[in-house]
Amino acid sequence: MAELKHKRVLSLWILTVFLLFVASIIMGILMRLTQGNAMKMDVSGFFEIMTVHGATMIGIWFVAGMASVHYLLHRYVRVTTWINLFAMVFTVIGVVMLWCAAFIGKFHAGWTFLYPLPLFVAWKHWATPVFLSALGVLSVGWLVWSVGMLVAIFKKYTLQQAFGWQYFKKVHQVDTPPFILITVVTLIGIVACLLTALLLLGLFFSEIASGNKLVHDALLMKNLTYFFGHTVANEILYLCLATLYELLPEVSGRPKWKNSWYIALAWNATMIFILFAFFHHMYMDFVQPEAMQVIGQLASYFASLPAVAVTLFSVLAFVFKNSIRWTTTNLLFFLGTMGWIIGGVGAVIDSTISANVFLHNSLWVPAHFHTYLAMGSVLMSLAFFNWVVFDFYNQSEPEKISRLQIILLLIGGFGFLLMFYLGGAYSIPRRFNVYPSQLSIGSALALAAAAFAVVYLIAIILINIRIVKRCIKIFSSASS
Amino acid sequence: MYKNIFLCFFLILTRSLSWGLDGKEALSEEENIYQKIANVAITVKGKEYPLSAFYSKSPIIIAQVFTRCTGICMPFLLQLKTNLQFIQTGKSYKILVLSFDPRDSESDMQQLAETFSLQNDSNWIFATTDEIETLNNSTGFRALWDSSSLQYSHEALLTGINSEGIIKKKLIGMKNREAISNLISEINHGFIPSYSIPGQNSMLNCFNYDPVSGKNKPGIGFLIMAVPALATFLLVLLLGYLSKGLYHRRT
Amino acid sequence: MNPQHLNILILFIVMLIIIVGVFVYVYRTSLPRNTEGSGQSGLSNPNQKRFLFFVILAAVLVILLTATLPKTPYYYFANEEPAKVVFVVARQFSFAMSYQSGKPGTPPPNEAIELPAGKTVEFRVTSNDVNHGFAIYDTQNQLIVQTQAMPGYVNRLRWKFEQPGHYSIRCLEFCGAAHAFMESSFLVK
Ligand code: HEM
Ligand SMILES: [Cu+2]
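Chains as they are written, first to last, in my numbering: chain A, 18 to 497; chain B, 547 to 797; chain C, 99 to 287.
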């Protein structure tokens, strides 16, 4: 369905993502092994790996979401391929700079680079500017891409249609596919958080340029940091959900989902709430005004409500007592929804201020976001990959799925996650390279987690072999 | 009018200077907090009282100045007076303006009161003390004599004392209205969960807490935080508007 | 594990089981052997059920909100006068704690801290360099309460320690290479 050039770009994309994914999982396992005292890593090395793992994981799955949305947008509007290429080049440059800053420059302030830590240089002097510039490069690349997609959409749909506002009227002539609606809502969040990233980087560089004479407000910088970091991590999932709305019915051989007033309303509400949920990162900053804290909890709770009430219910109702032709693709979508909801429960618990008092920055935090990323959006993106490598040939995917792969994936994934949750409940702090002797239970959990993560890695490789093979074939056949 | 312009200018100047302050200055507002103030003897209109005679009646705010000051003292007092006129807390407190210059006499202080038309305001007390050193140590006030200019080099300090004589809160420098209402609230058994420290975070402050209304007034930092989101919505409106109707033209 | 930690873990596990159960059940109803012949297809009255689902979910969230929002930590023991006040200055990679606040220009004072059991105490927490955490671990090594140490700000944390014994302080905001070793402690008698 898509032209050859486009297929090549996409298959290269998929290969890159997969390669970086495996590398980052291995880094994750190394971190867990270090925390479990099964291996030694020097202190700065651990946090370099942590920085790279976080940034790379967020980067590749964001980009995977972009790739899928871009591919599917072709069905409705005219999008150019060059913009995808542009984003890809910027992403590759950004990631290479990131890895250089961390592995050569020893930069290890974490992927959230919380002010003013990057300016307290404990690494090579060039590493901080290179790391910050790397994020700048990524932000610019993704920003241009997002605006490009919005322009493409607005060329066909008016403002009201893009937001699905016509569904609030009694009669409407034009239909907005749910895919378009969710994409627009997501892109708006993405543009907002990328602009914030650029602003934040500007403030950083102004301080560096002034020779650290100009000192910024740590509270403001923290707010900006999490507006960027929290929102970007969340929008990954919404990109995946757009894909899910588009593909789940299709691969199951059922009619497309129709938009309606409550779907439109839900996603419009999500768009607003998502912009305020990041306040929950400042709960333990007592200087943040209480009103913001309360808004943070309200927004965190209600950001999940419409998306869950509409999407979860739709997915369940879609499967319930309907004969489904299960393939790897729709099964991964289904399981991804489950992972997202479970992670959501963990998130809602953590975004409760009175619980956050003793969960904040404990392992509960990586627990919940790994749930909706590693067992949520990753699975949904893999579902898309699975589907698209057949779609390249206008084939539909064979029905056979391997029970073993799925079982390995679930056991590995949830076993790994459960160790994080238990760690959180045992008050084990996040971002510790070794656990103090009073918290030695953290090391035991880390070892178990490493074992489960290996299982997860095996499952991921097994599931991906087919995708990788086909991508290589597409890529090489085209170049000959 | 003239005074206000001067004040504005002065404020901008002190604001911009404080950007460069390093961490050393930062914690001086915390110094001596929760300690009992030295019960020095002070002289008001020729009569001598122990300090406790004042704070045991109602919480007090001590402002340490000297009348021959050509620097911060006058704008400081003026700003304090103006700010207090706007703060209606309904809470009780008195302002004790105390000289830290041994040259200042009783009448110098009364003159100072008259300069600000405060000689008949029962909330304002202008006084001297013979135990300057003791009081300075107790409040953590530092004044350095500069013999070339015949001036003290010193900071502008407000010390808030509750009715038990405990130093509950100090403010250094020219502070805004919110900070002063915080101070008043704190010496009246109020609790403010967090303070900003002078010097480090003058630039782009996020929020200003106002205990009078119990609300946070968004500061300039808050506006900055909202800029990207607002810009996004404007951008989307613009894009939507520019391509409006294209759909209908094509179909 | 403290009861509050345990409750949260149990709540999560119960939700986990419910969610997995629902997904497995729904999945099974879609298998050909279960749909064939029974003549069933899909959910009847989906929109009505969706609305019900939405209402229940919203109600649960609202109940949770009203139950938890009043328990924010910012004004813990705000109406009491603290029996002891501890000034905390965090810096890479240690905590300086003292009953006295420091003199400007000199390193923050650091002394062994002893606090009375059953009385309100106040920590005035700030940072000299980057963001740090200030998390108090009880005698069973469970995190009971925390605040952040942010440069340029003083955060006031009030607490009443009922159990006598050794309490640990840990930094919970990543602050550089030796972050995991940033630790201190105090005694409650
Ligand atoms: C089985 C696969 C994975 C393993 C073994 C793993 C392991 C880890 C570990 C050990 C940490 C540090 C936890 C700590 O704070 O102590 C971490 C952090 C993180 N992981 Fe993963 N992870 C995996 C998958 C993922 C995925 C799929 C994503 C995102 C799509 C992801 C994103 C992150 C992020 C953003 C952080 C935070 C880094 C930071 O604190 O700066 N991880 N991971
Ligand atoms: Cu620290």
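For the record, the hints were derived by calculation from the structure and aren't laboratory data.
Honestly, I wouldn't trust all of these hints.
Straight-line distance between alpha carbons at most 25 Å, and here's what the computed SDA-like set of lysine to any residue pairs gives [to be verified]: (1) Lys287/C - Tyr197/C; (2) Lys714/B - Leu129/C; (3) Lys182/C - Pro205/C; (4) Lys258/C - Lys640/B; (5) Lys603/B - Thr616/B; (6) Lys147/C - Trp274/A; (7) Lys338/A - Leu129/C; (8) Lys603/B - Pro180/C; (9) Lys591/B - Tyr197/C.
Using C-beta positions, here's what the derived DEER-type ranges look like [as the list claims (entries may be wrong)]: (10) Ala777/B - Phe185/A: 23 to 33 Å; (11) Phe103/A - Thr628/B: 55 to 65 Å; (12) Phe222/A - Gln261/C: 44 to 54 Å; (13) Lys287/C - Ile458/A: 55 to 65 Å; (14) Glu281/C - Val138/A: 51 to 61 Å; (15) Asn145/C - Lys186/A: 14 to 24 Å; (16) Thr635/B - Ile116/C: 34 to 44 Å; (17) Ala777/B - His91/A: 22 to 32 Å; (18) Ala55/A - Pro101/C: 50 to 60 Å.
Glycine residues also receive a C-beta, built at the ideal position from the N, C-alpha and C atoms.
Taken at face value, is the distance from the CA of Tyr197/C to the CA of Lys287/C at most 25 Å? 16 Å, holds
Does the alpha-carbon distance linking Lys258/C and Lys640/B stay inside the 25 Å limit? Violated - the C-alpha atoms of Lys640/B and Lys258/C are around 33 Å apart, more than 25 Å.
Lys147/C and Trp274/A: Cα distance at most 25 Å? Answer holds: Lys147/C to Trp274/A is near 17 Å, not above 25 Å.
Status of the given 23 to 33 Å range, CB of Phe185/A versus CB of Ala777/B: 26 Å, holds
Proposed proximity, Tyr197/C with Lys591/B (alpha carbon, max 25 Å): 38 Å, violated
Quick one: are Lys287/C and Ile458/A within 55 to 65 Å, going by C-beta? 28 Å, violated
If you check the beta carbons of Phe222/A and Gln261/C, does the distance land in 44 to 54 Å? Between Phe222/A and Gln261/C, where Cβ atoms are some 49 Å apart, the hint holds.
CA of Lys338/A to CA of Leu129/C, is that 25 Å or under? 8 Å, holds
Would the pair Lys182/C and Pro205/C pass a check requiring their Cα atoms to be no farther apart than 25 Å? Holds, at roughly 22 Å.
Range hint compliance [Cβ, Ala55/A to Pro101/C, 50 to 60 Å]: Once the Cβ atoms are compared, 33 Å apart, the range 50 to 60 Å for Pro101/C and Ala55/A is violated.
Thr635/B paired with Ile116/C, Cβ distance criterion 34 to 44 Å: 51 Å, violated
Verdict for Phe103/A, Thr628/B (Cβ pair) under range 55 to 65 Å: Distance hint for Phe103/A, Thr628/B holds at roughly 56 Å.
This entry does not satisfy hints 2, 4, 5, 9, 13, 14, 16, 18, going by the numbered hints stated previously.
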